Amino acid sequence: MLLRHTLPEVKERKALTINPAKTCQPIGAMYAALGIHGCLPHSHGSQGCCAYHRSALTRHYKEPVMAATSSFTEGSSVFGGQSNLIQAINNIFTIYEPDIIAVHTTCLSETIGDDVDQIVAKAKDDGKIPEGKYVIHASTPSYQGSHVTGYANMLKGIVKGFAQKSDIPREQLNIIPAWVEPADMREIKRIANMLGVKFVMFPDTSDVLDAPQTGKHVMYPEGGTTIAELESCGDSSYTLALGEWCTQAAAQDLDRKCKVGYDMLDVPIGIKATDRFIMSLSRHGKVEVPALITAERGRVVDIVTDMEQYLHGKTVALWGDPDTLIPLVEFLVDLEMKPKYIVSGTPGKKFKQKLEELLKDAVPDAKIANGPQADMYLMHQWIKNEKVDLLIGNTYGKYIARDEDIPFLRMGFPILDRIGHSYFPTVGYTGAMRILEKILGLFMDRQDRDAPEESFELVM
Amino acid sequence: MVDKKDFPNPEAFKKQILEKYPTKVARKRAKAMVVVDEEGSAPIVQANVRTVPGIITQRGCSYAGCKGVVLGPTRDIINITHGPIGCGFYSWLTRRNQTKPDEGGENYMAYCFSTDMQEENIVFGGEKKLREAIQEAYDMFHPKAISVFATCPVGLIGDDIHAIAAQAKEKFGDCNVFAFSCEGYKGVSQSAGHHIANNQIFKHVVGNDDTVQEGKYKINLLGEYNIGGDAFEIERILDLCGISLISTFSGNSSIDHFANSHTADLNTVMCHRSINYMADMMETKFGIPWIKVNFIGAEATAKSLRKIAAYFEDKKLIDRVEEVIKAELPAVEEVISTIKPKTEGKVAMLFVGGSRAHHYQELFTEIGMETVSAGYEFGHRDDYEGREVLPSIKLDADTRNIEELKVDKDPERYNPRKTPEQLEKLSKQKGLDFAGYHGMSKEMKKGSMVIDDISQWETEKWIEYYKPAVFCAGIKEKYAVQKMGVPLKQLHSYDYGGPYAGFKGAINFYKDIERITTTRVWSLISPPWDYSNGIKADLVSNG
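So the sequence lines, in the order shown, correspond to chains A and B. Counting from 1, one number per residue, gives the positions in the first sequence under the working numbering. Counting from 1, one number per residue, gives the positions in the second sequence under the working numbering.
FYI, nobody ran anything at the bench for these hints, they're computed from the structure. This structure is a prediction, so every number in the text was calculated from the model and none was measured. The C-beta atom is built at its ideal place from N, Cα and C for all residues, glycine as well. Treat the hints with caution; some may be incorrect.
What the hints assert, rightly or not - In the BS3-like style, the derived pairs of lysine-lysine whose C-alpha atoms are separated by at most 27 Å in a straight line are:
{"hint": "1", "chain 1": "A", "residue 1": "Lys360", "chain 2": "A", "residue 2": "Lys11"}
{"hint": "2", "chain 1": "A", "residue 1": "Lys124", "chain 2": "B", "residue 2": "Lys20"}
{"hint": "3", "chain 1": "B", "residue 1": "Lys418", "chain 2": "B", "residue 2": "Lys316"}
{"hint": "4", "chain 1": "B", "residue 1": "Lys128", "chain 2": "A", "residue 2": "Lys349"}
{"hint": "5", "chain 1": "A", "residue 1": "Lys216", "chain 2": "B", "residue 2": "Lys20"}
{"hint": "6", "chain 1": "A", "residue 1": "Lys122", "chain 2": "B", "residue 2": "Lys28"}
{"hint": "7", "chain 1": "B", "residue 1": "Lys144", "chain 2": "A", "residue 2": "Lys14"}
{"hint": "8", "chain 1": "B", "residue 1": "Lys171", "chain 2": "A", "residue 2": "Lys14"}
{"hint": "9", "chain 1": "A", "residue 1": "Lys216", "chain 2": "B", "residue 2": "Lys15"}
{"hint": "10", "chain 1": "A", "residue 1": "Lys133", "chain 2": "B", "residue 2": "Lys394"}
{"hint": "11", "chain 1": "A", "residue 1": "Lys384", "chain 2": "B", "residue 2": "Lys28"}
{"hint": "12", "chain 1": "B", "residue 1": "Lys100", "chain 2": "A", "residue 2": "Lys384"}
{"hint": "13", "chain 1": "A", "residue 1": "Lys11", "chain 2": "B", "residue 2": "Lys169"}
{"hint": "14", "chain 1": "A", "residue 1": "Lys11", "chain 2": "B", "residue 2": "Lys128"}
{"hint": "15", "chain 1": "B", "residue 1": "Lys316", "chain 2": "B", "residue 2": "Lys326"}
{"hint": "16", "chain 1": "A", "residue 1": "Lys272", "chain 2": "A", "residue 2": "Lys314"}
{"hint": "17", "chain 1": "A", "residue 1": "Lys11", "chain 2": "A", "residue 2": "Lys124"}
{"hint": "18", "chain 1": "B", "residue 1": "Lys342", "chain 2": "A", "residue 2": "Lys216"}
{"hint": "19", "chain 1": "B", "residue 1": "Lys20", "chain 2": "B", "residue 2": "Lys511"}
{"hint": "20", "chain 1": "B", "residue 1": "Lys15", "chain 2": "B", "residue 2": "Lys28"}
{"hint": "21", "chain 1": "A", "residue 1": "Lys257", "chain 2": "A", "residue 2": "Lys189"}
{"hint": "22", "chain 1": "A", "residue 1": "Lys14", "chain 2": "B", "residue 2": "Lys169"}
{"hint": "23", "chain 1": "B", "residue 1": "Lys445", "chain 2": "A", "residue 2": "Lys11"}
{"hint": "24", "chain 1": "B", "residue 1": "Lys144", "chain 2": "A", "residue 2": "Lys11"}
{"hint": "25", "chain 1": "A", "residue 1": "Lys124", "chain 2": "B", "residue 2": "Lys169"}
{"hint": "26", "chain 1": "A", "residue 1": "Lys62", "chain 2": "B", "residue 2": "Lys511"}
{"hint": "27", "chain 1": "B", "residue 1": "Lys467", "chain 2": "B", "residue 2": "Lys442"}
{"hint": "28", "chain 1": "B", "residue 1": "Lys442", "chain 2": "B", "residue 2": "Lys394"}
{"hint": "29", "chain 1": "B", "residue 1": "Lys171", "chain 2": "A", "residue 2": "Lys62"}
{"hint": "30", "chain 1": "A", "residue 1": "Lys216", "chain 2": "B", "residue 2": "Lys467"}
{"hint": "31", "chain 1": "A", "residue 1": "Lys62", "chain 2": "A", "residue 2": "Lys122"}
{"hint": "32", "chain 1": "B", "residue 1": "Lys285", "chain 2": "B", "residue 2": "Lys430"}
{"hint": "33", "chain 1": "A", "residue 1": "Lys133", "chain 2": "B", "residue 2": "Lys461"}
{"hint": "34", "chain 1": "B", "residue 1": "Lys128", "chain 2": "A", "residue 2": "Lys14"}
{"hint": "35", "chain 1": "B", "residue 1": "Lys428", "chain 2": "B", "residue 2": "Lys316"}
{"hint": "36", "chain 1": "B", "residue 1": "Lys303", "chain 2": "B", "residue 2": "Lys171"}
Unchecked claim - To give a feel for the contact side, a few chain A residues facing chain B, derived at Cβ under 7 Å:
{"hint": "37", "residue": "Glu63"}
{"hint": "38", "residue": "Thr73"}
{"hint": "39", "residue": "Gly80"}
{"hint": "40", "residue": "Gln82"}
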């Protein structure tokens, strides 16, 4: 047994987190910054943070993840990191030549109280920020929230750093996706383009973290939202924010700063959440929904009507991030499946409320936990008490899947042991089809594996 | 096959690389890139100094060196990371340390334990939460040991993790509890964390169990972390030779082995950088001599086995070792004979670790490849130039901040395994270099480039210059280098392959290098329309 010490008896823990269902803020900030074109993320703290975040993102995407660090030493921790950051800004613009440096803090620089606003202002005064270049930043203390919060905070930094309101309004929408895969960002753009909506999407990691093999390495790949696009988002007519935890704060800031109203939507995972996204695009973009979209939707529903028997009543344990878990749970309920255990290390009271609302008729006894100590150990304990038919979550689930012999669908972050997540979307109707294909494949493979010879099925 | 190229003097190219840097950075980096100007000699290289802020470095932190590298591979200690969640999360199962517990034995390696500090713990102190976390771990699992690792904020807010550990140990009675002040900002790289790990394991564990194990030739293997099963292969070979392995620091290890390790009669050191402190301290306290060994490379493995046999001065062992080598080498040679024609003359670059950049050159040499440029991520000057430079290394503030344990002879248990005369004789007649390591640079060819703490910018430029058939580094470098059309072999994780140690490992490595340098996928990068237009993709690699 890989997790041989996991005990079925659940006792309340106050202090010890075991097998977390989250990580820390700065990595989210780094990921968000990679979705800006020509931007180098910068970690203001010890070298290890930057090395860990780059490694984790690289293992997940199998792509270069470039980022710099303030390389704090004991001295900087005592006297403050101002000189490290100013030196770093100068070196980065000289050597790596980005258009933008996106600084995020760490628990170290936050604990010593470095004022990044003031340091960046000083760097500007000292002439360390070349003309036409930008340094934006986000406060991302690792001891608050989770990686999701860090993503949200960097989006706030982007809005603060770039969004402008001119006198000329633009007939365009802003789309702010939550932390989803490059493939999902690409799919969201494809959908908006199919509707014929003009839009700015930020961040956008497609063509950054799914870059083609060309025989050349470039520090700043093709993709990412451009500075001009970011500057224009203050003139957009409306914002579609996809995923409350990741994007609401930035959408609110944009509304406050530039008076761009926003629609708080779920990440379009599954049929209903995608429906709402399309409706919002149609309403605020003032466009009709094209027949091609209706056909895509129809294909998803068709699969479900055809294969419903394999899904009905199947129980699921899920862990991950609120913005993706909530619409995924909604989708599973639509598939007549039973999301039974749901865990997220990311705090936020609304998580439980929203899920309980979604599950009150379908799975009234579902167990839901989030925040510190809501971890994969707890979920595994629940599973030991009553098994489920399917696991959905990041790669760390493979230990539970093997020990308990449960089919396992990899979704979320990080996925370290399979490819596909960065190339094939799970959002939109196409994404719903992919989720369905994967789930059905898992159940059917299991049936094929376990069926007695006499009832082995050719047609399913 | 590509013939080995004659590279123009790299000094001019180095100058070009440095021109990109601001003056002060250029001055500093110049000292970290040096040419081997005579074979067998080691140029002075700047090492173990701060990375300049803003430079994209391979390096990590002290916590990574302590918790991740040295303590990570030990299966039966509950390692609690005291800090916000990230550090514990990122060091959770990511280093591929394999372990094989006894049936039903303790193994916590698949678990990540953290105090997941929240803002209130930073503001009001995290001691209470740590104390509770240790108690909860003890109540749930009743482990034989719990250790605590400090992350950056812990040192700043002043949590006394050592006092808490000591109190818990006393309270439990049957569980060893100890802590590591390995805050990420300590030192200049992972290296500081290695030292901190050595100190605390030495202080709190080594010598706790005086049971004398059976076996005639008893050794410890220090600085072998069982990445991809390396330690299993070494264990297999030692077993064949009849050599008893009392403990490995720390691949496939149990804390019980550490506790008993002072009963061994010889310490053999693989990764000098991460564990030399332990070897020195055990020699001072218990009288166990140490020698440097290397089980990376078939020849190196044979040589290391012969050194161990020579040390014990027993003909039976010497003969047995020769028998084992004789039995193992034919399979190795057979693979070399099929692979070498395809790899001979190709060039490799190695930028990894604190010993691997040295050790892996052996394997490349065995298949006729030359390492034209190499360097460590967190090595010190002695790892490049040999321990003879130790007295001349000036300690800077970053190093001085890492505790140097004062170790004395154990009043009862100090037992010199050999007399000074015997050591002298073995050294003279058998070439055993006790407490010696001659470093990497002296083994490199004239004109090779030694680069410490290579940056992303330098990596890309030197690849342009050498156009290597393979570049060896880690995950952060992998895909950027491969985007340049150059295969990158990860030598931290072995690209999820291995083992590469010992005789069987050498065979695995030859095959992997043959595969990675000859795979046809590299010829697919340019689409046919590029060729039909007469434009050929300008690939860096021609390996």
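Outcome of the hint check:
no.	hint	result
1	A/Lys360 to A/Lys11	26 Å, holds
2	A/Lys124 to B/Lys20	21 Å, holds
3	B/Lys418 to B/Lys316	19 Å, holds
4	B/Lys128 to A/Lys349	25 Å, holds
5	A/Lys216 to B/Lys20	20 Å, holds
6	A/Lys122 to B/Lys28	25 Å, holds
7	B/Lys144 to A/Lys14	22 Å, holds
8	B/Lys171 to A/Lys14	20 Å, holds
9	A/Lys216 to B/Lys15	23 Å, holds
10	A/Lys133 to B/Lys394	40 Å, violated
11	A/Lys384 to B/Lys28	57 Å, violated
12	B/Lys100 to A/Lys384	24 Å, holds
13	A/Lys11 to B/Lys169	23 Å, holds
14	A/Lys11 to B/Lys128	19 Å, holds
15	B/Lys316 to B/Lys326	15 Å, holds
16	A/Lys272 to A/Lys314	20 Å, holds
17	A/Lys11 to A/Lys124	53 Å, violated
18	B/Lys342 to A/Lys216	25 Å, holds
19	B/Lys20 to B/Lys511	39 Å, violated
20	B/Lys15 to B/Lys28	13 Å, holds
21	A/Lys257 to A/Lys189	25 Å, holds
22	A/Lys14 to B/Lys169	20 Å, holds
23	B/Lys445 to A/Lys11	62 Å, violated
24	B/Lys144 to A/Lys11	21 Å, holds
25	A/Lys124 to B/Lys169	53 Å, violated
26	A/Lys62 to B/Lys511	23 Å, holds
27	B/Lys467 to B/Lys442	23 Å, holds
28	B/Lys442 to B/Lys394	22 Å, holds
29	B/Lys171 to A/Lys62	47 Å, violated
30	A/Lys216 to B/Lys467	13 Å, holds
31	A/Lys62 to A/Lys122	37 Å, violated
32	B/Lys285 to B/Lys430	26 Å, holds
33	A/Lys133 to B/Lys461	25 Å, holds
34	B/Lys128 to A/Lys14	11 Å, holds
35	B/Lys428 to B/Lys316	22 Å, holds
36	B/Lys303 to B/Lys171	49 Å, violated
37	Glu63	5 Å, holds
38	Thr73	6 Å, holds
39	Gly80	12 Å, violated
40	Gln82	11 Å, violated
Violation of the numbered hints given earlier is confined to hints 10, 11, 17, 19, 23, 25, 29, 31, 36, 39, 40; the remaining hints are satisfied by the structure.
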